[in-house]
Amino acid sequence: MRQGMGRRLLVVTEVVAAVFLLLIALLTAANVMLRDFGGPSLPDWYDGSRMLQGIALFWGIALTTYYGSHICVDMLWEYLDQRGRRALDVLATSLTAAFLIPTAWMVWEKVASTGTQGTNDLRLPLVWFYAAAALGMTVAAVLCVARLTLLARGHAPSMADAAALPEHEGRV
Amino acid sequence: MSISREMVALLGFVGMFALMALRVPIGVSMGIVGVVGFGALSGWKPALNLLSNVPLSVVTDYNLSVIPMFILMGAFATRSGMSKELFAAGRAWLGHLRGGLAMASIAACGGFAAINGSSVATAATMTQVALPEMRRAGYSGALSAGLIAAGGTLGIMIPPSVIFVLYGIMTETDISKLFAAGVLPGLLAIVFYFIVVQIIAWRRPDLMPRGDSHSWSERFSTLRGLWATILLFAFVLGGIYGGLYTVTEAAGVGAVGTLVIGLLRGRLGPRGIKDALVDTLRVSSAIMTIVIGAYLFGYFLTITQFTQQAVEFLVHLPVGKYGVLALVLVGYFILGAVMDELAMILLTVPIVFPAMMQLGFDPIWFGVIIVMAVTFGMICPPVGINVFVINSIVRDISLTDIYRGTMPFIAIDVVRLVILCAFPAISLWLPSFVQ
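These protein sequence lines map, in sequence, to chains A and B.
Residues 23 to 194 (our numbering) are what the first sequence spells out, left to right.
Residues 4 to 438 (our numbering) are what the second sequence spells out, left to right.
Hints in this document: simulated from the structure, not taken from any laboratory.
Just to be clear, a hint being listed does not mean it is correct.
[To be verified] In silico DSBU-like links for lysine-lysine, alpha-carbon gap of 35 Å or less: (1) B:Lys-277 to A:Lys-132; (2) B:Lys-87 to B:Lys-277; (3) A:Lys-132 to B:Lys-48.
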């Protein structure tokens, strides 16, 4: 049951971030086309794009952290045996958690201090977007701890696990 | 006992490299040292404030959207089979020559580089498309993998290029001019790689046997498949240079254009779109983590005043401007051996760029030289990211063998770097036409 929920969280994380990424591209292209053909600018395309980007990337960092697909230097790791690699992975993931947890906390501080700021055209409250992004960073911290737990038990989630997610669950 | 700021900066660098060696993600290593270092010098509240502001401001910076969008464009292109079409055309036209498949692979790398901004993506894609064909034809696995690793570096030299974008944003240099500057050095690389292939094929024909010959009608029919790639390249760069959209917008337009072409040709379905988006998301997030870390580390370096001192030191070295340039390039080779190219750019450009400008070098030309310098790090041992990527796809060719295969191409890259340094006009001629 818990495993099923965990998988669902991963799929939701992936889909949310991927959809937002596509929306940025569509928003940019639509605005350019409208402008170049003499139409009006899409309201809030600029603020909308960058807010969606923030949300997509923080949620993307959550996935990247869980699957251990951050860019790392493998120089020492390559030369270690299985036990040594596991120990190094546990240490590296602990340090990553030590960075992500206060980051998530401080991003929420930023959300709290955003006040009534809004987007340029439609005056949509920035706090909505910042909160969605902060939630992504919080998920990143949670998934980092989850990865640490799995690593300690001897199972390292990897991109291969991501590929093994059921097709229907991950479809956009 | 108080420690001087210079010593704190030095400890910061040592700590950062130590964390990287422990396999802490590069961005996180820079971020941890940046925040802890800043806290040690300015207090913990200001340090935590950095964490409050920097990550969110980086990920919501619209200028940086160019990175995920160009990566997305490449991901859609890969899923639409454009890389296969490029290789098929190269094989039909060059495959019958000695070393022909190798040249076809290099040409395909160059073509794919024109619709994607990443070196790693180019190497990974061509490993799956070209490497099996070369091995089936009896080519040496090590040499084939080595040439794809080297060919992959074209991804960041030929526009669009993620590294040029980052350099342009950091130094406020015109990115459209940087893109134009990368074209001739990129083409020069293709010519030089062809020469290396011909020399190897002449000396050791057993390593690169001739392939099948194709009729003229077959050759011309492969060109028909290239329309999408050519259209996309023209659409993106034509729009930038024709003043229709900015580089940042071009990335989004290019990504949507590739998606539309893929859909119209029936090459992209829901699964392909989803996979391309998720791939892009993972790569972009990994890159953005490094950007966040580099910004945090940058704030730390600023308060240690290390950056200003390093610039002063470089400018006043008694070796002349070309001596300083040579030292900087040697520094890049050394750093490239242990660091990722993005981290290298983000960490060093704030120090090296002002020094180079004070010495009178051209910012566009220096951008090309820097991109050229970091490409060595991508294929040189012990940390050549392109080599790692190829090895992760083709496990039966060892890292050592791939590194051995890259050596002839690294040698010719050194020659190319010297030529680009000696003749800045190669890089600066095309940008002179950009308004």
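Here is what the structure says about each hint:
1. B:Lys-277 to A:Lys-132: holds, 32 Å
2. B:Lys-87 to B:Lys-277: holds, 20 Å
3. A:Lys-132 to B:Lys-48: Distance of about 14 Å is within 35 Å: holds.
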